[in-house]
Every structure is written in C-alpha cells, then in structure tokens.
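Asks: Chains A and B, in that order, give the protein sequences.
For the first sequence, the residue numbers in our numbering are 28 to 449.
For the second sequence, the residue numbers in our numbering are 21 to 284.
Simulated from the structure, these hints should not be mistaken for laboratory data.
The C-beta atom is built at its ideal place from N, Cα and C for all residues, glycine as well.
Some hints here could point you the wrong way.
Unchecked claim - Not close to chain A: a few residues of chain B, all C-beta gaps over 12 angstroms, as computed:
{"no.": "1", "residue": "Ile-35"}
{"no.": "2", "residue": "Leu-194"}
{"no.": "3", "residue": "Ile-204"}
{"no.": "4", "residue": "Ala-252"}
Unchecked claim - Examples of chain A residues lying across from chain B (beta carbon under 8 angstroms, computed):
{"no.": "5", "residue": "Pro-63"}
{"no.": "6", "residue": "Gly-67"}
{"no.": "7", "residue": "Arg-71"}
{"no.": "8", "residue": "Arg-75"}
{"no.": "9", "residue": "Pro-194"}
{"no.": "10", "residue": "Ala-196"}
{"no.": "11", "residue": "Gly-199"}
{"no.": "12", "residue": "Ile-320"}
{"no.": "13", "residue": "Pro-365"}
{"no.": "14", "residue": "Pro-427"}
Take a look at the letters that make up each chain.
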Amino acid sequence: MKFHWFAEATYPHLPDDFPARGLSSWVNTPTELMDPVKVGETYRMFIRLMQQADRDGFDGLAVNEHHQTPFAMTPSPNLLAASLASTTENAAILIIGDSLALYNPPTRVAEEMAYLDCVSGGRVIAGFVFGTPMDSVFAYGNPPPELRDRFHEARGLILRAWEAKEPFAFNGKYTQLRYVNVWPKPIQQRPPIWVPGSGSLETWDLVIDENYCYGHLSFSGLHSAKPMVDAYWDYVAARGGDTNPHRMAFTQLICCAATDAEAEAKYYDAVRYFYRMNTLDPKFTMAPGYTTIRSQQAMAAHLRNAPNLRPEDRARAQKGEMSFWEYDEKGYIIAGTPQRVRQRVRELAKDLRIGQLIGCLHMGDLCEETAAENTHLFGTQVIPHLRDLWADQPDHWTPPISQQRIAARSSAAPKNVFEAAE
Amino acid sequence: MIQSRMRLGDFDVRIWSGGAGPPLVYLHGFEHHPGAAPYLQRLSGDHQILAPEHPGFGASTGFDRLTDLQDLILYYRALVEGWGRGPVDLVGHCLGGMFAAELAVLAPQLVRRLVLVDPYGLWLDDAPLPDPFLLVPAALAAVKWRDPACAARETSAFDPALGDTAAEFRTINLTAASKFMWPIPDRGLARRLPYLTAPTLVIHGDADGLTPPAYEAAWAAALPHARTAVIADAGHLPMVEAEGAFIDLVEDFLNEAPWPRVPE
Numbered sequence: 028m029k030f031h032w033f034a035e036a037t038y039p040h041l042p043d044d045f046p047a048r049g050l051s052s053w054v055n056t057p058t059e060l061m062d063p064v065k066v067g068e069t070y071r072m073f074i075r076l077m078q079q080a081d082r083d084g085f086d087g088l089a090v091n092e093h094h095q096t097p098f099a100m101t102p103s104p105n106l107l108a109a110s111l112a113s114t115t116e117n118a119a120i121l122i123i124g125d126s127l128a129l130y131n132p133p134t135r136v137a138e139e140m141a142y143l144d145c146v147s148g149g150r151v152i153a154g155f156v157f158g159t160p161m162d163s164v165f166a167y168g169n170p171p172p173e174l175r176d177r178f179h180e181a182r183g184l185i186l187r188a189w190e191a192k193e194p195f196a197f198n199g200k201y202t203q204l205r206y207v208n209v210w211p212k213p214i215q216q217r218p219p220i221w222v223p224g225s226g227s228l229e230t231w232d233l234v235i236d237e238n239y240c241y242g243h244l245s246f247s248g249l250h251s252a253k254p255m256v257d258a259y260w261d262y263v264a265a266r267g268g269d270t271n272p273h274r275m276a277f278t279q280l281i282c283c284a285a286t287d288a289e290a291e292a293k294y295y296d297a298v299r300y301f302y303r304m305n306t307l308d309p310k311f312t313m314a315p316g317y318t319t320i321r322s323q324q325a326m327a328a329h330l331r332n333a334p335n336l337r338p339e340d341r342a343r344a345q346k347g348e349m350s351f352w353e354y355d356e357k358g359y360i361i362a363g364t365p366q367r368v369r370q371r372v373r374e375l376a377k378d379l380r381i382g383q384l385i386g387c388l389h390m391g392d393l394c395e396e397t398a399a400e401n402t403h404l405f406g407t408q409v410i411p412h413l414r415d416l417w418a419d420q421p422d423h424w425t426p427p428i429s430q431q432r433i434a435a436r437s438s439a440a441p442k443n444v445f446e447a448a449e
Numbered sequence: 021m022i023q024s025r026m027r028l029g030d031f032d033v034r035i036w037s038g039g040a041g042p043p044l045v046y047l048h049g050f051e052h053h054p055g056a057a058p059y060l061q062r063l064s065g066d067h068q069i070l071a072p073e074h075p076g077f078g079a080s081t082g083f084d085r086l087t088d089l090q091d092l093i094l095y096y097r098a099l100v101e102g103w104g105r106g107p108v109d110l111v112g113h114c115l116g117g118m119f120a121a122e123l124a125v126l127a128p129q130l131v132r133r134l135v136l137v138d139p140y141g142l143w144l145d146d147a148p149l150p151d152p153f154l155l156v157p158a159a160l161a162a163v164k165w166r167d168p169a170c171a172a173r174e175t176s177a178f179d180p181a182l183g184d185t186a187a188e189f190r191t192i193n194l195t196a197a198s199k200f201m202w203p204i205p206d207r208g209l210a211r212r213l214p215y216l217t218a219p220t221l222v223i224h225g226d227a228d229g230l231t232p233p234a235y236e237a238a239w240a241a242a243l244p245h246a247r248t249a250v251i252a253d254a255g256h257l258p259m260v261e262a263e264g265a266f267i268d269l270v271e272d273f274l275n276e277a278p279w280p281r282v283p284e
C-alpha cells in the first residue's frame with residue numbers, strides 16, 4: 028500500500044462570517060478577501076511540509092489544479108510540482124492532475140510533465156483530469172459538451188508526443204500542429220497515468236480500457252464513498268478489468284496526535300474551517316452536459332444508497348456542525364493516536380479496496396506546527412505498519428525509482444519488532 | 021400542425037409542420053422547441069410551416085456530427101433545400117435567431133425574408149448579457165417575462181412518453197444550446213452580418229431581460245437596411261406575451277409589397 032501527502036492549498040484567512048454572507052468559495056469569490064503576501068506565506072508552508080513528507084517516508088507528494096477559488100489556490104499544479112521536483116529525493120511527484128482541456132496547445136502538458144520527470148529523476152505520476160465544472164466550464168469557459176472530447180484529443184496528443192521518435196503532424200478537431208517534437212521527453216518514457224473521477228461511467232470505461240489508476244477524490248470519507256466505490260469495483264470486474272487495489276486512489280483527511288484528546292484540541296477548528304469555508308454555489312456545480320444523463324442517474328442512485336450517511340449528515344458536515352468525533356465516526360476524518368489511525372486506515376483500505384491513499388495531512392487553517400507533527404506521526408508511526416497491505420500485488424501505478432528508493436530507505440531504518448508483528 | 025420525423029443524412033429530427041401558403045421555416049430558441057404552439061398554428065393559417073427541432077435538442081439526433089456552428093448551418097441549408105419549396109420565409113427566435121441569420125448569410129438564395137425575434141448572436145462588452153445557464157428558475161423567469169404569470173401559456177415539445185423527465189429534457193436541450201452559447205453567445209456573427217442581403221425584420225420585446233434594449237440598438241446598427249420593431253409589454257417571448265401584436269408584425273412584413281434586397 029502506498030501513501031501520498033496532500034493538502035488543498037486553502038487560503039487560511041477568510042473571515043469567520045464568510046459562509047453566513049452567502050459567498051461562494053468558487054468562481055466568483057471576492058478577491059478583496061485575499062492578501063497576496065499571506066498567499067505567498069501559505070505556499071511556502073506547503074512546500075516545506077511536502078519536503079518534510081519526503082523525508083518522513085511518504086510515497087508521493089500530491090499537487091492538484093483548481094481555478095478561481097480560495098479553497099485550493101493551485102492554478103498550475105506543475106508550478107508547485109517544480110518546487111518539489113528539485114528539492115526532494117524519494118517520493119513520487121503526484122500531479123493529480125493537469126486539466127487537459129485547459130492547456131492550449133496540450134503539448135504544454137507533455138513538455139512540463141517531461142521537465143518535471145527529468146528534474147525529479149523519473150518520479151512523476153501523470154494525472155489527467157477533466158476538472159470540476161467550476162474549473163473547466165465556468166472559470167475556463169469550455170462548452171460543457173465539448174469537455175470530454177477535448178480531454179481525449181489532448182490525451183492522445185500528449186501520449187503520442189511522449190512516444191514519438193520523430194516529429195509528427197497532429198490534425199485534431201481542437202488542436203492543429205504541424206511539427207510535434209517535444210523536448211524534453213520524460214525519463215520514464217511514459218509516466219504512470221492516473222485519472223480521478225466523481226462516478227461518471229465514461230471515466231470508469233476509460234480507466235478500465237487503458238488500465239489507468241482511478242481516483243475517488245472526495246473529502247467525505249468511507250461512508251459517503253462506499254456505494255460508489257463498490258459499484259466501481261463491480262463495474263471493473265464485470266468488464267474484466269484489472270482489480271489490483273494499487274489502481275485505486277482515495278483521499279482521506281488525517282488528524283494524528285499523541286492522544287485522542289490532543290487530536291480534538293489541535294484539529295477541530297481546522298476541520299470545521301475546511302468544510303465550512305468550502306461553500307459551493309449549486310449553480311456552479313451543475314453545467315448542462317458536464318455529466319451525461321446516464322452517469323447522473325447512476326451517481327444519484329449511489330447517493331441514495333449510502334446507508335451510513337444521511338443527507339442531513341452531509342449538510343451538517345458541510346456547515347461545520349458536527350462534533351470532532353462525529354466527523355471521525357462518519358468517516359470525514361480519521362483522527363487520534365497513530366495506533367488508532369493505523370487501525371482505521373487499514374479498515375478503510377480493505378473496505379474500499381484502496382492501494383493508494385492520498386492523505387490530507389493539512390486542512391483548512393491548520394497551523395504549520397501541527398501539520399508538521401501530523402506528517403511526522405503518520406510517516407513514521409502509521410505508514411510503516413501498513414506496508415503489508417496488498418503487498419502480494421504489484422504496483423504498476425507509481426514510479427519504479429520512487430518504489431526502490433523508499434523501500435531501500437525503510438529497510439535501512441530501525442524497526443520496532445513488537446509493533447511490526449501487529 | 022402535426023408532429024413527425026425527418027431524416028437527413030446522420031440527422032434524425034422531430035418536426036412540426038402544417039398549414040398552406042408560402043413556405044415558412046421557424047427555428048426555436050435555446051430552451052426548447054415550442055411544439056404546436058398557438059402562434060405557429062396562427063401563422064399556419066397563411067403559410068406552410070416547417071418547424072424543426074435542433075439536432076441534440078429533445079428527441080432530435082445528430083448533435084455528435086456537429087463540431088462547430090458552420091456544420092449546423094450547412095445542415096439547415098440541406099434541410100431547407102430538401103424541403104423543396106424554394107426560397108422560404110425564415111423566422112428565428114432567440115438562439116434560433118442566430119441560426120437563421122447565419123443561414124441567410126450562407127444561403128441567400130434560400131431565404132426570401134428573414135424575421136429575427138429577440139435574437140442571440142451579438143455581444144456588447146458594455147452591456148454583458150445575463151448568463152442563461154446560471155439563472156435559477158425564479159431569476160430566469162424575472163428576465164424572460166414581462167409578466168412571469170405568462171409562463172403558464174408557454175408551450176413545449178416535452179413529451180413524458182419518450183422516457184425523459186422534465187429535468188432531463190431541459191438538461192438535454194441546454195447541453196446542445198451550450199455548444200453555441202457557452203461561455204458567451206457570440207460565434208462571430210457580427211463579422212458576417214454585412215453579407216446579409218435578405219429583407220429583414222428584427223423584433224424585440226420591450227421588457228426582454230435576456231437580450232436587453234442595448235441589443236436592439238446593436239442589431240439596428242449591424243443591419244442598417246433592416247426594419248426593427250419593439251413589441252410593448254413583452255419579454256423574451258413576445259409571441260407568447262403579445263401574440264396578436266407579434267402575428268400582425270410578422271404577417272405585415274411578410275405580406276407587404278416586394279422589398280428590394282440589399283444591394284450587394
């Protein structure tokens with residue numbers, strides 16, 4: 028099992044009455060609420076924390092792309108990845124991912140990911156995403172029914188650009204290039220490819236057909252995801268796809284501390300900030316044609332089918348109205364001592380058949396000191412105890428060089444034989 | 021008016037047709053085809069009407085054959101040619117107005133007279149149009165109607181027997197419309213309007229908030245030889261809110277003595 032460090036680069040200084048004022052944290056959030064100097068401090072904090080995660084034994088450092096939102100101020104994941112590629116040694120650079128339809132021409136993605144693979148010594152994971160409606164159709168203006176078509180054309184161009192030995196002409200519907208010949212090429216020839224989704228059947232078909240790693244990247248935890256992830260694995264099996272857990276990624280908020288009481292004291296405010304300040308105007312979540320009707324029907328059925336999470340629970344979680352331990356019980360967070368966290372992560376991974384955990388080790392307005400402690404406890408006291416999970420199955424979805432370096436590093440580290448026998 | 025289907029290459033679309041007289045083609049707006057609407061029935065008293073549902077809307081197929089607006093306009097050229105009635109009077113409402121103007125530019129030999137009703141197709145930086153895809157129902161009603169109570173009189177081609185819910189029908193229609201209206205309903209028509217030679221009438225409802233008054237002026241400026249008319253006490257659907265005034269305007273324009281085409 029693999030563990031990746033992630034955080035939404037959330038602006039941590041929104042006013043407390045932000046949700047009460049009816050403001051949306053996506054697309055049209057007033058920019059007067061932002062101080063660029065503080066944004067810079069926030070970015071530097073995330074870079075320091077991810078450099079630490081590399082030292083603390085994480086398998087990957089995950090960066091993502093969002094636009095026009097204080098919830099995730101990472102318009103170009105490749106920029107953040109560049110800060111990490113040259114200042115870390117072991118962990119994969121997990122770009123999850125570039126919104127292919129938003130790059131013009133998309134050879135930009137082929138070039139920048141190749142650059143990152145070269146700088147990092149072959150540690151890039153190439154995530155290709157459609158982007159949320161807020162990102163891809165509202166902020167970036169793509170007509171919704173064209174988005175998937177643009178994505179697939181771009182994907183084909185990027186893969187061919189990495190593979191080609193000679194210049195070629197590309198005559199696409201959306202991109203025309205007479206001479207495609209990208210410099211540099213990635214060290215890994217073709218980096219592992221991940222495609223996250225939110226339940227669209229068309230995306231499931233894509234990752235099955237191409238044997239990509241699928242990502243269910245929600246922040247609502249086990250009970251919310253269970254019906255959809257189960258349906259996904261059933262779909263994979265029915266289509267004769269590869270059921271290796273290493274081709275399934277899942278996001279999970281993690282709150283580790285020396286004691287359970289300390290976890291509540293240190294993380295509760297930040298967890299509430301994370302959910303409360305991610306206010307989504309429903310108008311921006313539903314562009315006609317972004318999700319096909321077939322997929323809408325399937326997704327609605329999964330939502331109705333979540334027996335351990337009622338709609339009113341979801342609303343309360345979003346409004347910050349749950350107690351710390353209710354967030355934990357409902358699966359939104361996994362909190363407590365490293366012993367408790369490792370047990371709960373083990374259950375989660377087995378229940379959902381997940382081989383790639385994208386742990387959110389920082390959330391909301393958490394202070395750097397606590398995030399650093401979280402990272403250290405998880406890296407040194409949780410991850411080493413979960414390495415046995417899915418160890419019998421090969422992982423073709425993380426870079427070989429990262430796998431080798433992290434394995435060499437952990438075998439060199441002193442082991443607690445009593446805990447290892449757990 | 022009867023409903024039937026028309027097959028044209030890869031396109032298989034629903035059409036509403038009926039009446040007798042000079043041929044008239046009606047192109048509907050971005051929300052939905054109006055079905056056998058009262059105003060179409062009245063026009064069918066003096067005209068032979070063909071009112072196709074756009075590809076991708078409702079139960080009409082062929083949307084996946086369209087890459088851009090030109091593909092759609094060439095399809096409509098083939099449709100009018102295929103109808104075999106010679107030059108037609110062409111009435112386009114809303115998004116259908118954009119399509120009608122494009123067709124009149126592309127195929128002047130097929131358009132005798134052109135009527136544009138609260139058309140999309142132009143964009144003014146100083147008067148940005150409301151985003152129709154973002155309006156919740158109450159907000160849409162507020163800009164669409166002078167009197168939102170008129171909404172009850174609006175007809176639609178929605179047919180529950182076809183298996184879609186009303187919400188799904190709307191999603192299907194807006195998805196197809198977004199191809200030509202997202203993020204801004206301007207696909208370059210302003211550059212092509214100087215080539216428009218057909219005698220043209222542009223009608224606006226005086227209370228239309230979807231294509232507000234600044235756009236009346238923009239169309240008048242873009243088509244100096246066209247006639248413009250404003251219907252009082254009507255919003256984006258003057259043919260519903262002021263049916264009598266709408267029919268009178270259209271009939272007068274279509275029936276009046278020959279009006280020379282704009283010299284090229």
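Asks: Would you mind marking each hint as holding or not holding in the structure?
Replies: Hints, one by one, checked against the model:
1. Every beta carbon of chain A lies more than 12 angstroms from that of Ile-35 (chain B), the smallest distance being close to 23 angstroms; the non-interface claim holds.
2. Remark: the non-interface label on Leu-194 (chain B) conflicts with the geometry, its nearest Cβ contact in chain A lying 4 angstroms away (cut-off 12 angstroms).
3. With a least beta-carbon separation of about 8 angstroms from chain A, Ile-204 (chain B) fails to lie farther than 12 angstroms from that chain, contradicting its non-interface assignment.
4. Under the 12 angstroms C-beta cut-off, the non-interface status given to Ala-252 (chain B) relative to chain A holds; the minimum distance is some 32 angstroms.
5. For Pro-63 (chain A), the interface hint is violated, since its Cβ never comes within 8 angstroms of a Cβ in chain B; the closest pair sits about 27 angstroms apart.
6. Using the Cβ-Cβ criterion of 8 angstroms, the hint placing Gly-67 (chain A) at the interface with chain B is not satisfied: the shortest such distance is roughly 30 angstroms.
7. For Arg-71 (chain A), the interface hint is violated, since its Cβ never comes within 8 angstroms of a Cβ in chain B; the closest pair sits about 34 angstroms apart.
8. For Arg-75 (chain A), the interface hint is violated, since its Cβ never comes within 8 angstroms of a Cβ in chain B; the closest pair sits about 38 angstroms apart.
9. Because the beta carbon of Pro-194 (chain A) sits about 26 angstroms from the nearest beta carbon in chain B, more than 8 angstroms, this interface hint is broken.
10. Restraint check, Ala-196 (chain A) versus chain B: the minimum CB separation of about 19 angstroms is more than 8 angstroms; hint violated.
11. The beta carbon of Gly-199 (chain A) is not positioned within 8 angstroms of any beta carbon in chain B (closest approach about 11 angstroms), and the interface hint is therefore violated.
12. Because the beta carbon of Ile-320 (chain A) sits about 5 angstroms from the nearest beta carbon in chain B, less than 8 angstroms, this interface hint is met.
13. Look at Pro-365 (chain A): its Cβ only gets to about 46 angstroms from chain B, farther than 8 angstroms, so that hint breaks.
14. Interface restraint check for Pro-427 (chain A): the shortest CB-CB distance to chain B comes to about 40 angstroms, outside 8 angstroms, so the restraint is violated.
The structure fails hints 2, 3, 5, 6, 7, 8, 9, 10, 11, 13, 14 (numbered hints given earlier, in ascending order).
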